[in-house]
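Engineer: Build out the structure end to end from the sequences listed, making use of the hints.
Same order as they appear, the protein sequences are chains A and B. full-length UniProt numbering puts the first sequence at residues 1 to 305. full-length UniProt numbering puts the second sequence at residues 1 to 803.
Treat the hints with care, as some may be off.
As the list claims (entries may be wrong) - If you want the ones that stay clear, here's a sample from chain B, every Cβ over 10 Å from chain A, calculated:
#	residue
1	122
2	129
3	138
4	187
5	238
6	388
7	396
8	499
9	517
10	518
11	597
12	605
13	612
14	700
What the hints assert, rightly or not - Pair ranges (Cβ atoms, derived):
#	chain 1	residue 1	chain 2	residue 2	range
15	B	357	A	94	51 to 59 Å
16	A	68	B	576	51 to 59 Å
17	B	594	A	77	24 to 32 Å
Derived by calculation from the structure, the hints in this document are not laboratory data. What you are looking at is a predicted structure, and each value in this text was computed from that prediction instead of being measured. We treat Cβ as the ideally placed atom computed from N, Cα and C, and that holds for glycine.
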Amino acid sequence: MTVGRILRIEKLSTFDGDGLRTVIFLKGCPLGCRWCSTPESQKKTTDFGIHKNKCTNCFTCVDTCPEGAISHDDAGDIFTTDMTLCKDCRQCVDGCPAGARIAYGYNATVDEMLRELGKDSVFYYHSGGGVTVSGGEPLVQKDFVAALLEGCVMQGINTAVETSGHVPWENIENVLPWIDTLFYDLKHLDANIHRQITGVDNGLILENLKKIDETHRSFPVIVRMPVIPTLNDQDANIKALGLFCRGLKKLKEIQLLPYHRLGIETYRRLSLSYGLEGIRSPGDDEMNRKVDLLKDMGLRVRVGG
Amino acid sequence: MGTENQTASYMDRINKLRDRVINATPTMDIENALILTKSFKKTEALPREMRKAQAFKDVCAEKTVTIWDNELIVGCSGKMARGGVLCADVCWSVLDKELDTISNRPYDPFYISEEDKKLFREEIKPYWLGRSNFEKWEAQAPQDIVDLKENAVIYIDRKAVRGPGELTPDYEELLSEGMDGIIAYIEQKKSEYDLSKPNHYPKIAYLNAMITAAEGMKILGERYRQEALRLAALETDDTRRGELEAVAQVFSRIPARPARTFHEAIQFVYLYHSSIFMEQNAASYNLGRIDQYLYPYYKADLEAGRITPEQAQELFCCTWVKLAEPCLFQDGVTAEYANGYTMFQNVCAGGIDKFGQDAVNDLSYMVIQASMDTMLYQPSLSVRYNLAKNPDSFLRKCADCINTGNGFPAFHNDEIGIRMMQNKGVPLHEAYDWNPCGCVETNLSGRIRGYVSADVNLGSIVEFIMNRGVHRKSGKKLGLDTGDPRSFTTYQEFADAAKKQIDYIIKKVVEANNVLDEVWDDRPVPFISLTFRNCIDTATDYAHGGTKYECGNGIIYDGIADFINSIAAVKELVFDKKMVTMDELIQALDADFVGFEAIQKKCLDAEKYGNDLDNPDRVAAEMMTHIAVNTNKQDSKYGKLMSGVLPVTAHVPLGKVVGALPSGRKAWTTLTDGLSPTGGTDVNGASAVLKSVAKIPHDLFSSGTLLNMKLSNELMKDERGPVNLMSLLKSACSLGVFHAQFNVVDKKVLMDAQKHPEQHKDLLIRVAGYTAYFVELCPEVQDEIIHRTVQEEFVPAKAGGCC
Chain A
1 MTVGRILRIE KLSTFDGDGL RTVIFLKGCP LGCRWCSTPE SQKKTTDFGI HKNKCTNCFT
61 CVDTCPEGAI SHDDAGDIFT TDMTLCKDCR QCVDGCPAGA RIAYGYNATV DEMLRELGKD
121 SVFYYHSGGG VTVSGGEPLV QKDFVAALLE GCVMQGINTA VETSGHVPWE NIENVLPWID
181 TLFYDLKHLD ANIHRQITGV DNGLILENLK KIDETHRSFP VIVRMPVIPT LNDQDANIKA
241 LGLFCRGLKK LKEIQLLPYH RLGIETYRRL SLSYGLEGIR SPGDDEMNRK VDLLKDMGLR
301 VRVGG
Chain B
1 MGTENQTASY MDRINKLRDR VINATPTMDI ENALILTKSF KKTEALPREM RKAQAFKDVC
61 AEKTVTIWDN ELIVGCSGKM ARGGVLCADV CWSVLDKELD TISNRPYDPF YISEEDKKLF
121 REEIKPYWLG RSNFEKWEAQ APQDIVDLKE NAVIYIDRKA VRGPGELTPD YEELLSEGMD
181 GIIAYIEQKK SEYDLSKPNH YPKIAYLNAM ITAAEGMKIL GERYRQEALR LAALETDDTR
241 RGELEAVAQV FSRIPARPAR TFHEAIQFVY LYHSSIFMEQ NAASYNLGRI DQYLYPYYKA
301 DLEAGRITPE QAQELFCCTW VKLAEPCLFQ DGVTAEYANG YTMFQNVCAG GIDKFGQDAV
361 NDLSYMVIQA SMDTMLYQPS LSVRYNLAKN PDSFLRKCAD CINTGNGFPA FHNDEIGIRM
421 MQNKGVPLHE AYDWNPCGCV ETNLSGRIRG YVSADVNLGS IVEFIMNRGV HRKSGKKLGL
481 DTGDPRSFTT YQEFADAAKK QIDYIIKKVV EANNVLDEVW DDRPVPFISL TFRNCIDTAT
541 DYAHGGTKYE CGNGIIYDGI ADFINSIAAV KELVFDKKMV TMDELIQALD ADFVGFEAIQ
601 KKCLDAEKYG NDLDNPDRVA AEMMTHIAVN TNKQDSKYGK LMSGVLPVTA HVPLGKVVGA
661 LPSGRKAWTT LTDGLSPTGG TDVNGASAVL KSVAKIPHDL FSSGTLLNMK LSNELMKDER
721 GPVNLMSLLK SACSLGVFHA QFNVVDKKVL MDAQKHPEQH KDLLIRVAGY TAYFVELCPE
781 VQDEIIHRTV QEEFVPAKAG GCC
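Structural biologist: See the structure below:
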């Protein structure tokens, strides 16, 4: 049975597809976006974090670790886990007296996950909702995602996938038969800037989206773009987005997602530095102006998911 | 967006009426008690039912009759808005004990003037000393019940310090017959008795008492007619004079004769409703299915061009403000168990009709709109939502009302309510007509008697299992010795011990109820009985088994989540995973986890009810089924006992006597309210809460079950918010959850209200099956509400994925 690397499940989500949905966030992502709000989703391996306001610096985690994988700095602020030693036994988490140590990531089989997703089927039924697979980049785990989505479809559960598109075409092809709605994230239309702000080129991403659009599948595509002040919010980029999207037959709408800083808490827990200090969320007026830019190009667009 | 319709032309009047009520200080009202006492002194030689009826008639004839400015609907149980009406015959001694403290007590204080104190001491107390119903209960309560009561293992004075309430008159019949029609019916029944036959005299005497009570109502109506005419004659404003003349016109018809118009009908309903409190003050006198029985009058008026929808809405709103006037008088301890002054006057919209078809009509929407317009803590607005039959537009109206944050409506799953009624012995076709009652009880207008009498503290039950029947706080053996838990080798042995403790406490409540039923027989209510046709048919009072259907008293179970989580933690930690030994756990509990923090952490980390997890939810299903089935097996004079989960605020005082629990809860802290998961333990969101809650067999708890869910105000920010809420409500119905109530308030507002109560006088909050002014609640309850887990799922925190 295929095993997936899961970050977490969020139930009754209303922002990643129609109705009330369960969203499964998978671990691991080929991109490294500077604004990433879920840094704990980037690595496929487990991440360990600390609730700073709960930690009492008792160092029980350090002492309990059977592999001696955990160390800390002199101030006791930063805890480092040597993942080459860690066997992921979680004794450090279970044994933390303050409940401060957190593990991000776990394994689950397709069957286990289907059982969990099925728990909310009555909510999907009454709301026209379903399951959304997100990440990280879910299509990195192509076999798991294909099997999971097939299982959903066979039970009559509506499916959606949110992808960065930065995966080999075969990964996408594998999953296409089981998608009811596709969320496709674009960050920048300029290849160089894209590389600067996400760490990867946008060539594969744009090419895959065009290919998806050419398939005979009839699902709608929703293109999402985060609006990150100074990084990708220039009118030129928004217009380039509009131009690209105008050519897509499957496009249902464009969703502009205003930058937010809710991820900062997780950066602190992971003792990671946050790359975008000083950047503020764009205001409603600013977002509406961008919406209008795209609307003027004849596109359907809205703010938020 | 669902907000009050401030632009409507009637809102100016409603706002003025509302201000008068909000700005009134709850005050003891002893006028009725003085009249009652005077009356009783004159009627020593008469049968007790006639004495009650005569006293009621005297109150009708002598009480202060006031029509306040701007009122279109008039009447008042006492002489003042927000009065606590004292029923001396039931509970004078309660006021006696608290005469000097009631103005400043922590829970639901009532102002009382020095002059009234003097009148109370000189006129009321000397006559009633030793005669009130509450004193009889105190004198006759068995000692072991007193021990359980004093240690808050059970709480059973609730319905002894006031009337039992929890009833719904047959308003359809009242409106179509009027007092004259009812009197004619009684006369006809009387003619079937023959004084020459043995045992017929009590029947005849009782029917005479009913006639006397009915005559009292007519006198009161006539007095309001005259008052309206008097004020009209003095009135200089033409519009207001016209309104007063219209009021007089209404009273020239009702209550003597049947109502013909919507105005006559709704005024008649309010007059009768407010008069019930004059006979016996109690919580939970319900107006029932007001959208159903008023509809024919509205429809006829509308077709005849006598009324506009806006005028009908205004009359609803005027009635709603009147219903916000009375304040529940009870002793300070009972107030702690149910605070907020709430009278639990339940009004209902929606559901199905007697043919099983959709009953939603134009008035169903107006009833909800009235609560949105008035934003008051009373009446208790309930809806019966029938998933299969009621339209989405009705559910949307409910969602819009929830959106206002006034805590209404209490949302009831119609199909479960119907099944609860069937479980009370009501045939299906009559169960179709059920109505919500009080906070979440089930009722049937004009046909059923049955009310809750006792609370059982499930936290104490856990102590008894762990400590061989010994109550931790008192050190007394108040439970059963079910053996040393250290000797249990399987979970089954432990679960069996829990069930034995429950059965034992049920038996004790049964014993107490048998005494109470006798004591309470001394509380006849001939006026209330007028609207219970079977009482006339059998010439038997409502209190004496005269109604068509009867139930034994109900037992409320408190601390559900604490109980389930404790049993589940023992199962998981001691038996399934063997992470802690029973001996270690007992030591940790004995020490209130001090020095045993690692064990407490394991207890807290054990799987908790409210997360849609198999282990705790199976315990919930198993234990709660046992509780309901075994309660419902018990016989009493008036039928099988009922069970319910509707703690009002009892979980706060009951927690103060409960030591540390295997759930990880520290000693002497509050228990969890209703069916809710313990605050902070429901980490999987609202759907998981509803799934877990649905594993409890709601329909077996025929006294009702209560679920509070707090939804952040953020929920409704998005235009899809109400639609999401509709989906959630439909899902709850599909799952078989009986009732859900939503607080849509954010934490910041509540915390600010604690700091600046004067700025939040009209902030409404769901407490536990009812709505109260937040600033009037005790600090512990306020803290609890603030602490409860906000369902964050609806907050548009962030879109998923990496963006």
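Engineer: If a hint holds in the structure, say so; if it does not, say that too.
Structural biologist: Hint check results:
With a least CB separation of 62 Å from chain A, residue 122 of chain B remains clear of the 10 Å interface cut-off, as annotated. Consistency note on residue 129 of chain B: stated as away from chain A, and its beta-carbon is indeed over 10 Å from all of that chain's, at 58 Å minimum. Look at residue 138 of chain B: its CB is around 48 Å from the nearest CB on chain A, clear of 10 Å, so calling it non-interface holds up. The beta carbon of residue 187 of chain B is kept farther than 10 Å from every beta carbon of chain A, the shortest such distance being approximately 55 Å.
Distance check for residue 238 of chain B against chain A: the nearest CB is about 50 Å away, which clears 10 Å, and the non-interface claim stands. Distance check for residue 388 of chain B against chain A: the nearest CB is about 13 Å away, which clears 10 Å, and the non-interface claim stands. At roughly 14 Å, the least C-beta separation between residue 396 of chain B and chain A is larger than 10 Å, which holds for a residue marked as non-interface. Against chain A, the non-interface label of residue 499 of chain B holds: every CB pair exceeds 10 Å, the least being about 28 Å.
The beta carbon of residue 517 of chain B is kept farther than 10 Å from every beta carbon of chain A, the shortest such distance being approximately 42 Å. Remark: the non-interface label on residue 518 of chain B is consistent with the geometry, its nearest Cβ contact in chain A lying 47 Å away (cut-off 10 Å). Once the 10 Å rule is applied to beta carbons, residue 597 of chain B is inconsistent with being away from chain A; the minimum gap is 6 Å. The beta carbon of residue 605 of chain B is not kept farther than 10 Å from every beta carbon of chain A, the shortest such distance being approximately 7 Å.
Listed as outside the interface, residue 612 of chain B is inconsistent with that label: its C-beta sits roughly 5 Å from the nearest C-beta of chain A, within the 10 Å cut-off. Every C-beta of chain A lies more than 10 Å from that of residue 700 of chain B, the closest at about 21 Å, which supports listing it as non-interface. Taken as a hint, the range 51 to 59 Å holds for the pair residue 357 of chain B and residue 94 of chain A, whose Cβ atoms sit roughly 56 Å apart. Between residue 68 of chain A and residue 576 of chain B the beta carbon distance is about 31 Å. The supplied range of 51 to 59 Å is therefore violated.
In this structure the supplied range 24 to 32 Å holds for residue 594 of chain B paired with residue 77 of chain A, their Cβ-Cβ distance being about 29 Å.
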